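J.: Residues per chain, in single letters:
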Amino acid sequence: MTLNTSSSTKYVLESTDFQQLIDVLVGIGYRVIGPTLDHNAVIYDDITAVTDLPIGWTDEQDAATYRLSRRSDEAFFGYVIAPQSWKKFLYPSQVRLWQAALSNGSFEILPDPEKPEPMAFIGVRSCELHAIAIQDRVFIEGEYVDPTYHAHRENLFIVAVNCGQAGGTCFCTSVNTGPKVEAGYDLALTEVIDHETHYFVVEVGTERGQHVLEQLPVRTADKREAKLPKTITDQAAHQIKRHLNTDGIKELLYTNSENPRWDEIATRCLTCANCTMVCPTCFCTTVEDVTDLTGRQAERIRKWDSCFTMDFSYIHGGSVRYTSKSRYRQWMTHKLATWIDQFGTLGCVGCGRCITWCPVGIDITAELEAIRQTKAKGETIKEGSDENTG
Amino acid sequence: MINLTPQLTTQQLTDPMQPEPFRVKRVMKESYDTFTLEMEPVNSERLFTFAPGQFNMLYIFGVGEIPISISGDPNQPAMLVHTTRIVGAVTKAMSKLKAGDVLGVRGPFGTGWPVSSAKGCDVVLVAGGIGLAPLRPVLYQMLAHRDRYGKVVLLYGCRSPEDILFRKELEKWRARFDLEIFVTVDYGDSDWHGNVGVVTKLIPKAPFDALNAVTMVCGPEVMMRFTAIELQKRGVQGEAIALSMERNMKCAIGLCGHCQFGPTFICKDGPVFTYPQLQSWLAQWEV
Numbered sequence: 001m002t003l004n005t006s007s008s009t010k011y012v013l014e015s016t017d018f019q020q021l022i023d024v025l026v027g028i029g030y031r032v033i034g035p036t037l038d039h040n041a042v043i044y045d046d047i048t049a050v051t052d053l054p055i056g057w058t059d060e061q062d063a064a065t066y067r068l069s070r071r072s073d074e075a076f077f078g079y080v081i082a083p084q085s086w087k088k089f090l091y092p093s094q095v096r097l098w099q100a101a102l103s104n105g106s107f108e109i110l111p112d113p114e115k116p117e118p119m120a121f122i123g124v125r126s127c128e129l130h131a132i133a134i135q136d137r138v139f140i141e142g143e144y145v146d147p148t149y150h151a152h153r154e155n156l157f158i159v160a161v162n163c164g165q166a167g168g169t170c171f172c173t174s175v176n177t178g179p180k181v182e183a184g185y186d187l188a189l190t191e192v193i194d195h196e197t198h199y200f201v202v203e204v205g206t207e208r209g210q211h212v213l214e215q216l217p218v219r220t221a222d223k224r225e226a227k228l229p230k231t232i233t234d235q236a237a238h239q240i241k242r243h244l245n246t247d248g249i250k251e252l253l254y255t256n257s258e259n260p261r262w263d264e265i266a267t268r269c270l271t272c273a274n275c276t277m278v279c280p281t282c283f284c285t286t287v288e289d290v291t292d293l294t295g296r297q298a299e300r301i302r303k304w305d306s307c308f309t310m311d312f313s314y315i316h317g318g319s320v321r322y323t324s325k326s327r328y329r330q331w332m333t334h335k336l337a338t339w340i341d342q343f344g345t346l347g348c349v350g351c352g353r354c355i356t357w358c359p360v361g362i363d364i365t366a367e368l369e370a371i372r373q374t375k376a377k378g379e380t381i382k383e384g385s386d387e388n389t390g
Numbered sequence: 001m002i003n004l005t006p007q008l009t010t011q012q013l014t015d016p017m018q019p020e021p022f023r024v025k026r027v028m029k030e031s032y033d034t035f036t037l038e039m040e041p042v043n044s045e046r047l048f049t050f051a052p053g054q055f056n057m058l059y060i061f062g063v064g065e066i067p068i069s070i071s072g073d074p075n076q077p078a079m080l081v082h083t084t085r086i087v088g089a090v091t092k093a094m095s096k097l098k099a100g101d102v103l104g105v106r107g108p109f110g111t112g113w114p115v116s117s118a119k120g121c122d123v124v125l126v127a128g129g130i131g132l133a134p135l136r137p138v139l140y141q142m143l144a145h146r147d148r149y150g151k152v153v154l155l156y157g158c159r160s161p162e163d164i165l166f167r168k169e170l171e172k173w174r175a176r177f178d179l180e181i182f183v184t185v186d187y188g189d190s191d192w193h194g195n196v197g198v199v200t201k202l203i204p205k206a207p208f209d210a211l212n213a214v215t216m217v218c219g220p221e222v223m224m225r226f227t228a229i230e231l232q233k234r235g236v237q238g239e240a241i242a243l244s245m246e247r248n249m250k251c252a253i254g255l256c257g258h259c260q261f262g263p264t265f266i267c268k269d270g271p272v273f274t275y276p277q278l279q280s281w282l283a284q285w286e287v
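Chains A and B supply the protein sequences, listed in that same order.
Per the working numbering, the first sequence runs over residues 1 to 390.
Per the working numbering, the second sequence runs over residues 1 to 287.
Hints in this document: simulated from the structure, not taken from any laboratory.
Worth double-checking, as some hints may not be accurate.
[As the list claims (entries may be wrong)] In silico lysine-lysine, DSS-like type, Cα no more than 27 Å apart, as pairs: (1) A:K88 <-> B:K268; (2) A:K250 <-> B:K268; (3) B:K29 <-> B:K96; (4) B:K92 <-> A:K303; (5) A:K230 <-> A:K241; (6) B:K96 <-> B:K168; (7) A:K303 <-> B:K268; (8) B:K151 <-> B:K168; (9) B:K172 <-> B:K201.
What you are looking at is a predicted structure, and each value in this text was computed from that prediction instead of being measured.
For reference, chain B alone in the conformation it holds in the complex (with noise of 0.2 Å):
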């Protein structure tokens, strides 16, 4: 059984529900819709320690908040890295934002990748699309300690190769020895040489022990199960895949209700879960 707790208590704040301004050191500009920002407390020397897979409460200035998970490097909590999409108002907002301009931060909440749990498997990530943002601390985490696992595997699919998040970090990766990555696209145009279909195509394939393996699955709630499926069909075990999931949230700690999945709240009790705690439910309609 896995363990997704994250190995650092959330530091809890006087008011879980009061932002702190965090000023904006850097803004890069991933893909026609998606940037990365990375910032740092403006009053405080506050070392940003969290879990990967945790996140965020982002807030613009009187615009609103959302939740976004952490996508930077663990190891380096000097400086705190978000990765989104543009998507709405927010999202809009924060893609305005430029160096030494300020937004609120309220973290970290939730549960984390089992990272720990993964110490001498073969650990394989499987991400579709903006999905790879919450699974990058992860594979910072194991190449600071990469002798601490069996196999790396990240199996990614994006809807077409302009989608490509962290590109040259993922041409990067994949030119060492010890990672394997595999892209796939939705669509591919004529400069594309690589695989076209879905993720879960790559997974019978891909080089790695089932009975030995931690997979951590996030992307679109419809990837992500019929992933588990076929991991299943690989043969890993339930309890050795984790998700991630996303649902509206308000709070993030556990009281306006918004992020309910059947009895869980994704806020607190996830995002990241197991697949035996969500299977039952991934399989219904509008949960």
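This is chain A alone, in the form it adopts within the complex (with noise of 0.2 Å):
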């Protein structure tokens, strides 16, 4: 769980080497997870071979747009990132959290013999290596420890993929999240793709990448390959059209809960819940208790829940956050702002999946600037919004 800084030496290895790489993982035990072709998206789900790879696709993002087109290469990570997020592995979407059965008139909680295999990513983008630092800090670094979370994480191995390209909804830069990986990887990979060669310049971070590494066909980079992973996520970064203006902007937004802004949004939002299935560090559950047909047997399911339902506010009488503006609200202040006072950092990495993936295209960049200004010269947006209920 350390974030280790990788060493110095960087080394190449050939893209026509790189089923290796997934061979001497499942050689040591690792379900190996990375990017894959279905239902018209990249997908991130079990692989053995380097021909599950989206080899010469790519993606195209923007505001409530995905679509995937072809590469003129035949790069293996020519995408930007995949719609769902690694959190669905290591936080499933669905967990039985006990089983109980009646008996002697009491109840008894029945063992669970499940233990969660080792797995390794393959192609973990920097704002994911971020969400997943973050998720961390929620589910194992706080007073209690999620156990599931904790077993799939400590037997975590990942290998980073540098960002090439940024996508239409990337904004990293405005939360130093990327595009280059700095930490938390056991390997980070840079694809490198000019004239005849297709290579991959690799970085170690752990003792354990360290260990993977030698069992590959590897050989050390020269000065100029060494040099690619900063020159490549440099143009990636360079492409980044999207902003965040984070300045004050815990106290903006502990400021300007009555802001009309939220008004507005409200017209426009579907509470679909989609930017909160999407996002890399969204962690709130709920839990179904059930029985057989019987009634002898119970279980507790947990799922990931959103805080854009009416449910999850329900308390005797009704729900709490009953307007859809206080339900975006709600998200929008935890993920910019209550995230920094619960877990020291904001709850946002700049991924840009809640702007892809919302269906009427709202963009948390868009709407964070729009409450600054909004604030900044409030009676003439006044005026707009009588204008829109009107």
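Join the two chains, each given in its own frame, into one complex according to the hints.
T.: Structure below.
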């Protein structure tokens, strides 16, 4: 779980030898997970062969837009980011917490023999490493530890891959989470394709990573190659179009709970919860207590939940957050303000998924800016919003 | 500054999400929609030590689980006592339990009332409706060590005379010379000769030294908000006002996210807070 910084030596792995990386990880006993093509999207799933990767495909992302298109080359990691984050493996959307059975007029908790198998992720982006580090704070580094997350996390092997291009909704540079991978990985790769060559510059982050590297047919990178991770991620950084202004962000949101912009957002927000499902840091869950048909055996299932639902805040008498504006306000204020008080960091890593997957294209960076501007010239905006309601 | 950290550390179970079976020893009907359960652990001699103000997650087999504060005597840890109102599926199922039935318990969780900080001070408890239940352990604690405190005052407001909780106990306590108990109802009936009006109306005349008082407030959010304002008008410092909050909870260990109130998780940072911790958030809608 420690965030190791990479040693200075870099290596080169030819793309034709990439299969060996997968094989070595499988050989160690890892369930290997990486990007695949499924349902016209890049989906993180089990992989056994290089051919499982989305070779030659890229993703076009913008507000409320996602589509795949062919690249002019055969890049393995030529897309930006998958719709679903890695949290679906570390913190599955549905987990049985326990089973219980009635016996002797009482009940007993039944032992659950399931032990999670160790996983290796291939293709983790820098923003996603930061998201995992944030979920570590939530699930491992607090007062109570989540056993499921902890069990998955402690044996996790991470092969990070630097971004060679930025997506249309990316803003990692605003929140210092990328695009260059800096820490929190076992191995980090940078994909290089030029002229007739296709190889990966490999950086080592941990001893475990070193151990895997030693089983691969790598050579030491020369001076020019060693500079490529920085050069390539610098190019990606320059492509980023969106910006989240984090100046005084907590105070801004703490003092703007009555900002008229919340009403305006509520006219567009469908409270569909997509943003919370695709967000790599959103961690809320609910539980369902169910029985079998006899009523003698019960279990508790934990499922992902969203602060955008009415049930989320239900207490006797009704939902606390019954308007959509209060639910959007809760989500955004949590991500960008209260999270800082709770966990000492923003709850946003700038991956842009909430923008891409919002069916009406609400953009968190634009909404924050609108709140800032509305605050700055309250009177003019007030007139505008009256127009909207009239 | 009052100290909310419970003196007793929560007994960390191997898995805090697993309920432990408790058997109901006695069920007491308190009013038409409230009842009290007394229970003991099924499988152990565990003494259920808790700080007044802490809560448990109570599970009805196959039905569901809800947070309920502990209403019993902290000096009698052999018996776990909960008082609740029938409002939903779980409390309805709970109201049908009889002696011998079993339910699941997780806890205790959360912060307690500032009982230790109240030593040497006047103590003012302000309760609204079922909000008296989480404050009853404080009264038991004060009565067990009556000499440690100055005046002990309970201001209790509820909807109607029928809704008065722990009526017999309140009548008994009101007869004591070392407790001051004032009750008010929103709507009286022809037999009611007591106060009518909201509980905040009792604050200006209540007998306590505002500059040397610790106050503990539990009731609906809007009642607590205006009680805190009224107490401050009497001269009570914000830091000397403790409130107990309520939200939807699924885990009680700060991981499910449901009970967030601004930056706080009510389950682990609360449920008992000092007023300054909540003040700016209490004034907002739908937090």
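J.: Taking the hints in turn, state whether each one holds.
T.: Right, here's what the structure says about each hint:
Restraint check for K88 of chain A and K268 of chain B: satisfied, since their Cα atoms lie roughly 26 Å apart, inside the 27 Å limit. Restraint check for K250 of chain A and K268 of chain B: satisfied, since their Cα atoms lie roughly 22 Å apart, inside the 27 Å limit. For the proposed pair K29 of chain B and K96 of chain B, the alpha carbon gap of about 11 Å is at most 27 Å, so the pair holds. For the proposed pair K92 of chain B and K303 of chain A, the alpha carbon gap of about 25 Å is at most 27 Å, so the pair holds.
With a C-alpha separation of about 19 Å, the suggested pair K230 of chain A and K241 of chain A falls inside the 27 Å cut-off, and the hint holds. Distance check on the hinted pair: K96 of chain B and K168 of chain B sit about 23 Å apart at the alpha-carbon level, within 27 Å; holds. Restraint check for K303 of chain A and K268 of chain B: satisfied, since their Cα atoms lie roughly 21 Å apart, inside the 27 Å limit. For the hint pairing K151 of chain B with K168 of chain B, the CA-to-CA distance comes to about 22 Å; that is within 27 Å, so the pair holds.
A distance of roughly 24 Å separates the Cα atoms of K172 of chain B and K201 of chain B; the hinted pair therefore holds under the 27 Å criterion.
Going down the numbered hints, you'll see the structure goes against none, and every one checks out.
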